[in-house]
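**Q** One-letter residues, chain by chain:
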Amino acid sequence: MALASQKDFVSGLMFMAVGGSFAWGAVDYEIGDAARMGPGYFPFMLGLILVLLGVLVTFNAFKSGPPGGDKIGALAWRPLVFILGANLLFGALLVGIPAFGLPAFGLIVAIFGLVIMAGYAREGAKLKESVILATILAIGSYLAFVKMLNLQFPVLPWFLAN
Amino acid sequence: MDLINNLALGFGVAFTFQNLIYAFIGCLLGTLIGVLPGIGPLATIAMLLPATYGLPPVAALIMLAGIYYGAQYGGSTTAILVNLPGESSSVVTVIDGYQMARKGRAGPALAAAGLGSFFAGCVGTLILAGFAAPLTELALEFGPAEYFSLMIVGLIGAVVLASGSLLKALAMIVLGLLLGLVGTDVNSGVARYSFDIPELTDGISFLAIAMGVFGYGEIIQNLSHPDEKREVFTGKVNGIMPTAEDFKNMIPAVLRGTALGSALGILPGGGALLSAFTAYTIEKKTKLKPGEVPFGQGNIRGVAAPRVGQQRWFANLLHPAADAGHSAQRRDGADGRCHDHPQHPAGPAGHDQQPRTVLGPDRLDVDWQPDAGGAEPAADRHLDQAADRALQVAVPGHRAVLCHRRVLDQQQQFRHLDGGAVRADRLRLHQARLRTCAAAPGPDPGPDDGGISAPCTVDLAWRLVGVRHPSAVRQPAGSGRDPAVRGADAVC
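Heads up: the sequence lines are chains A and B, in that order. Numbered according to our numbering, the first sequence spans residues 96 to 257. Numbered according to our numbering, the second sequence spans residues 236 to 727.
Note that these hints are calculated values from the structure, not bench results. Warning: the hint list may mix true and false statements.
Here are some chain A residues pointing at chain B (derived, C-beta under 7 Å) [unchecked claim]:
(1) Phe110
(2) Met111
(3) Gly120
Computed spacing ranges between beta-carbons, pair by pair [said to hold, decoys possible]:
(4) Ile126(A) - Glu381(B): 48 to 54 Å
(5) Ile234(A) - Glu381(B): 47 to 53 Å
(6) Gly247(B) - Ile227(A): 40 to 46 Å
(7) Ala129(A) - Ala393(B): 53 to 59 Å
(8) Trp172(A) - Glu372(B): 54 to 60 Å
Listed next, the stretches of chain A that the computed footprint assigns to chain B, with coverage defined by at least 3 CB atoms under 8 Å from CB atoms of chain B [said to hold, decoys possible]:
(9) 185–193
(10) 199–210
(11) 226–238
(12) 244–251
These numbers were taken from a predicted model, which means no experiment stands behind them. Just so you know, even glycine gets a beta-carbon here, dropped at the ideal spot from N, CA and C.
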């Protein structure tokens, strides 16, 4: 049996996986019955429904689809990893992760980390460009968020801030 | 006539040079902050609240309103120009607005959003001024059954809105519902899927998901192309004015959106997003004129209508009399995270305010009041003292019943705030409630002085008609109460 739509097939699998894991997670909570729903009832049922819908989507992927098989292109690993990683790095540097013993580096360092890492999402990225951009962004963010709006978060690394 | 008199009075106060300047500054600041992606109007107000501390009360209110509307518009700007919704209700603007910007028509899109919002805001304010009292009554009638039905309408609307495969639309809705379940369960208090991370007990913000789906998806997809094929936004925004044809397409959409927003805007709670989505759905279902751009590819109607639909709701949100104390109202400034405004502390309207602080007939100087000689509701007793012959309202102490009446969260908030020095001067809940049942309640029509007796316990009792009694809920009242609930019991 040939796939008519690769996209639908994979999205069906995704729905099944997400629905299944939600339903699985809901088992830990009290489920109850329809008249007396526990906290797990609604997610459990919704998870099952999503699995069902995922199965239907997957089956339909064999039946009909646009000509050409509706192929999924290559995954864009580079931007995916660098853009998402830059965001995680920003959060980790901004306030630190106490659980891993990582101290807070503050806003300025976090912005440099964010911009430089996100810069590598593009092929042929230049470090110099990123540093210039990060400097401007850091100054602007400092003025806007810290000076003008008085937002409360660490600005300088832990060893400088007191 | 009262309406016109009161509006004239309000305009008289607002149209001073000083207050207009404050309105302008507020709008400007609001737009500047609201443009930052991810910062919505509520966050903007919270940040800029300290800026109004030094102002006289009326000017501060005017400036806050300006900030609110400015931030609204700022949110739509990022939605149109960079595909990042600044706040949740701009998500609909993203769909067609960004497509218009891609076609070089960012200017008209911005203008359509702004003009539409302005028109709907004016109409909304007029409607609110005229019918605030009956509309509030209607909103208070809304119970769980009505909200449930409304949710169903919203979900069906989402299916209708979807283009493409129905099955996948349904699956995505279920997926969205599941993501919405992350966080504390409102009924049992269990933190679902939080993995012991405190941030997750608040749930995943809608905005975070919207930015991920619209913004990050776009960025990553764009970067996956080689440099030459990439779409970079370098064109200047030129020509703000929409063309005559744009106006012709826009005006019916704006009118439809206004009517819809006025109907849905009454509802407290999740009005804005629903209005925006529904307005867009309706526009999508109307027939396209020959030669018009299809929806989803940059139709100006798809930009104007949702903006209009949501705008009407904000008038309600801003209006203190619309639904004082409802959660939708308490967000700005009274959510426990920000301080009370020193000039107008949060609390029941007028509980400690100077005359002139609130615009309107009964908070003015005596010689300005048309009915100054009328009955004064609480004149015959002290603040904490119950009125003579007041009917006791049996408010069951059970949590489910209190939830039903939407009092529980209020109480919890009061309890929460009791410890803090910030709100020490605040009215306790029972005082607030006594305030609402003033003199001359009961079947007695009251002194025949032509004055209308204040809303009193009798009205409250009528509102309780549909409420579940403790015997009807699972657990008998009296077992396992927490102190906050007992406080409410002592009152009743």
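**Q** Which of the stated hints cannot be reconciled with the structure, identified by number in ascending sequence?
**A** Hints 2, 4, 6, 7, 9, 10 and 11 contradicted; others consistent.
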